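Residue numbers (our numbering), protein chains in the order written: chain Z, 1 to 406; chain X, 1 to 406.
Watch out, some of these pointers could steer you wrong.
Note: identical chains are not told apart, hence a pair may lie in one copy or across any two.
As the list claims (entries may be wrong) - Heads up, simulated DMTMM-like pairs for lysine to aspartate or glutamate below, C-alpha to C-alpha not over 25 Å straight-line:
no. : residue 1 : residue 2
1   : K88       : E53
2   : K128      : D143
3   : K18       : D49
4   : K57       : D312
5   : K57       : D46
6   : K168      : D268
Derived from the structure by calculation, the hints contain no laboratory data.
These figures come from a predicted structure and were not determined experimentally.
Here are the chains, one letter per residue:
2 protein chains.
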Amino acid sequence: MEKLIVQKYGGSSVANPKRILHVAKRVIGYKKKGYDVIVVVSALGDTTDELIELARKINREPPEREMDMLLATGEQVSIALLAMAIHKYGFEAISFTGPQVGIITDRTHTKAKIIKVNALRIREELRKGKIVIVAGFQGMTEDEDITTLGRGGSDLTAVALAKALEAKYCEIYSDVEGIYTADPRIVSDAKKIDYISYDEMLEMASLGAQVMQARSIEVAKKFNVVIHARSSFSKNRGTFICEGGKMEEVVVRAVTLTKNEAKITICDVPDKPGLASKIFGSISQAGINVDMIVQNTSRNRITDISFTVQKDDLNKALKITKEISKEIGAGDVIADPDIARVSIVGVGMRSHPGVAAKMFSALAEKNINIEMISTSDISISCIIKKKYAVLAVRAIHKKFELGGKK
Amino acid sequence: MEKLIVQKYGGSSVANPKRILHVAKRVIGYKKKGYDVIVVVSALGDTTDELIELARKINREPPEREMDMLLATGEQVSIALLAMAIHKYGFEAISFTGPQVGIITDRTHTKAKIIKVNALRIREELRKGKIVIVAGFQGMTEDEDITTLGRGGSDLTAVALAKALEAKYCEIYSDVEGIYTADPRIVSDAKKIDYISYDEMLEMASLGAQVMQARSIEVAKKFNVVIHARSSFSKNRGTFICEGGKMEEVVVRAVTLTKNEAKITICDVPDKPGLASKIFGSISQAGINVDMIVQNTSRNRITDISFTVQKDDLNKALKITKEISKEIGAGDVIADPDIARVSIVGVGMRSHPGVAAKMFSALAEKNINIEMISTSDISISCIIKKKYAVLAVRAIHKKFELGGKK
Numbered sequence: 001m002e003k004l005i006v007q008k009y010g011g012s013s014v015a016n017p018k019r020i021l022h023v024a025k026r027v028i029g030y031k032k033k034g035y036d037v038i039v040v041v042s043a044l045g046d047t048t049d050e051l052i053e054l055a056r057k058i059n060r061e062p063p064e065r066e067m068d069m070l071l072a073t074g075e076q077v078s079i080a081l082l083a084m085a086i087h088k089y090g091f092e093a094i095s096f097t098g099p100q101v102g103i104i105t106d107r108t109h110t111k112a113k114i115i116k117v118n119a120l121r122i123r124e125e126l127r128k129g130k131i132v133i134v135a136g137f138q139g140m141t142e143d144e145d146i147t148t149l150g151r152g153g154s155d156l157t158a159v160a161l162a163k164a165l166e167a168k169y170c171e172i173y174s175d176v177e178g179i180y181t182a183d184p185r186i187v188s189d190a191k192k193i194d195y196i197s198y199d200e201m202l203e204m205a206s207l208g209a210q211v212m213q214a215r216s217i218e219v220a221k222k223f224n225v226v227i228h229a230r231s232s233f234s235k236n237r238g239t240f241i242c243e244g245g246k247m248e249e250v251v252v253r254a255v256t257l258t259k260n261e262a263k264i265t266i267c268d269v270p271d272k273p274g275l276a277s278k279i280f281g282s283i284s285q286a287g288i289n290v291d292m293i294v295q296n297t298s299r300n301r302i303t304d305i306s307f308t309v310q311k312d313d314l315n316k317a318l319k320i321t322k323e324i325s326k327e328i329g330a331g332d333v334i335a336d337p338d339i340a341r342v343s344i345v346g347v348g349m350r351s352h353p354g355v356a357a358k359m360f361s362a363l364a365e366k367n368i369n370i371e372m373i374s375t376s377d378i379s380i381s382c383i384i385k386k387k388y389a390v391l392a393v394r395a396i397h398k399k400f401e402l403g404g405k406k
Numbered sequence: 001m002e003k004l005i006v007q008k009y010g011g012s013s014v015a016n017p018k019r020i021l022h023v024a025k026r027v028i029g030y031k032k033k034g035y036d037v038i039v040v041v042s043a044l045g046d047t048t049d050e051l052i053e054l055a056r057k058i059n060r061e062p063p064e065r066e067m068d069m070l071l072a073t074g075e076q077v078s079i080a081l082l083a084m085a086i087h088k089y090g091f092e093a094i095s096f097t098g099p100q101v102g103i104i105t106d107r108t109h110t111k112a113k114i115i116k117v118n119a120l121r122i123r124e125e126l127r128k129g130k131i132v133i134v135a136g137f138q139g140m141t142e143d144e145d146i147t148t149l150g151r152g153g154s155d156l157t158a159v160a161l162a163k164a165l166e167a168k169y170c171e172i173y174s175d176v177e178g179i180y181t182a183d184p185r186i187v188s189d190a191k192k193i194d195y196i197s198y199d200e201m202l203e204m205a206s207l208g209a210q211v212m213q214a215r216s217i218e219v220a221k222k223f224n225v226v227i228h229a230r231s232s233f234s235k236n237r238g239t240f241i242c243e244g245g246k247m248e249e250v251v252v253r254a255v256t257l258t259k260n261e262a263k264i265t266i267c268d269v270p271d272k273p274g275l276a277s278k279i280f281g282s283i284s285q286a287g288i289n290v291d292m293i294v295q296n297t298s299r300n301r302i303t304d305i306s307f308t309v310q311k312d313d314l315n316k317a318l319k320i321t322k323e324i325s326k327e328i329g330a331g332d333v334i335a336d337p338d339i340a341r342v343s344i345v346g347v348g349m350r351s352h353p354g355v356a357a358k359m360f361s362a363l364a365e366k367n368i369n370i371e372m373i374s375t376s377d378i379s380i381s382c383i384i385k386k387k388y389a390v391l392a393v394r395a396i397h398k399k400f401e402l403g404g405k406k
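Chain Z on its own, in the form it takes in the complex (with noise of 0.2 Å):
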């Protein structure tokens, strides 16, 4: 439909009844203008902590389908109360919950996958002239049990309607006024991106961006549901993650950074064949995911070895090397916290030589040591020393001469 459009509302946009009645005028702008409007929103603020924190007071291993029965309160609470607010200025809203709305989804609680939606009931409302206003994060199973869709499932909610209803845009508000070249807060003349593919945006979601789960990103590709990520405290426009095509040719889109991994390193692994996928499987076997790897040449028939896990897996990870290595014959295990990837993004790089070349000059410029590299087709990473974080983002940023005039 030509005219509709759908607007997902994040938790920080409706944290307390002041945001919630600001949303709420905003909405109303839309369907002033002749829109018709579906709101999908998140639940109030960091309710969502607090309901797991209560659940973590009773029991410290909840089953997941009542994590999902306590959980689903936080987005019905937002739902009834933006439909008041919107009642108040005297327009017309009736909210949904997942389930309500028929947002059908598999069995796995507290990640479900979306398998339909049936938006029958919003169709019927949104022709009598309402504001439709839908639970994120929620939907039910076939039989009718609550589930949950994971982190960042508000976003997922909105595309997955978008999809079904063929609105014309997805909006996705929060508190960031869009896509930046760099964080803006470490780089003072990151530029606002004005478009950005789905590729590139699902590479920079994985690489640190914020603004969007990669999930959401991929059922949009999947789908073609244009998105525009923009922020509920401003009227300025966003970003547009859409398909390539529209795109200004560009060779890197932006520089991102992460915090979240360490390094596990294995002394004086002896250089014999089959050793990598014995540590590797073992690693895998426990559920803990491995990014990159770095094999130093081996002298002496022995070897360094360096991987990278989430910071949240390290004690785990740590234990499991620690026994493999005792049972290989190879030397200490030493753990790396203090870590840092910077990256850059652009589909543009797949066809320009040299971009690898520039970003390692950037860093060597400022002596930072590159500890370990991993490249993708639209991105290429560097894991640094932590404490060098910042300067790499903005002397990167500087190189391939990303920001905006100031």
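Assemble chain X onto chain Z, guided by the hints.
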């Protein structure tokens, strides 16, 4: 089912994690004894009031459909937490919202009536050996809008489920031990009543006993559901509410007290036909319930008319009464909010003459003036000055020898 019980726990019984764990143990105790258990829970502590407060901050007259959407979250939190608590102790429990277990209501949002209960899902889970936890106070309309059942709605849920599943008992847990011959905070030797009939309990509920709402007792009576009102903080037997046949032969069952009424007197009303109907017609048109009415014997063709209304309605009723008084040429209108109603309740008094006289003499002996009297088949109420309320309750309780030996 002979081995099925429904247990309902009120908000104070599940006010915090510690109490929820306590309730879980209690429920498990019954499961261990071989019972199938359905647990109905209210919202934690003051949650419902807090949600109402939150709504008022956004819209002073929120749409009732959205109010129900909001309030229903309170019980949903409770059921999830109680299920987690039961799992912690190694027993299987599964929670359901009112809509999930097919509690179908009419469309009267905020005080909906239950039309039917489709308990298929509950039966299925009981068959699997699970403890089934159901959110009290809520249901849904035929087209799946969430409704709430009004004050005391969780009791109603419990009674309706007990009926639908033919439970042996419906246990209503609160923080008091059962129904007493008088409020134990007022009368030190007030005695717990072992058995009480539906009719007596109904009368007591409407005359100030706060253990259960009249609506749930009506439903229990209609379907002959045996209710056991007891405390979640002790193992003692409480009060069974059931059909009259099983009762001891007691003339007067209990003394009750309410202080939520006010008296309005219109002075010097001309003694002409039709004036009373004019007065009370206008008041009832304004949606105000008048309870007792007393018209003095007329002297010199004028009379005084007094009546009682709920204190909440006093200002509205006064305004209307003053207008009518002017219109019909009557005199001053006087309001007295400082009144109390003491009542005796008992099916036995139907066949025992002299019960009223005994009550009046109890009051006379303490020099307490009776301002108004009202009687029903199984109760007698006197309006007296509020300051004599405690004295009156004690005197009547003693006169009828209702106390236990202390």
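Hints versus structure:
1. K88 to E53: For K88 and E53, only the inter-copy Cα distance (16 Å) is at most 25 Å; the intra-copy one is 33 Å.
2. K128 to D143: between (30 Å within a copy, 16 Å between copies)
3. K18 to D49: both (21 Å within a copy, 20 Å between copies)
4. K57 to D312: within (21 Å within a copy, 40 Å between copies)
5. K57 to D46: For K57 and D46, both the intra-copy (17 Å) and inter-copy (19 Å) Cα distances are at most 25 Å.
6. K168 to D268: neither (58 Å within a copy, 72 Å between copies)
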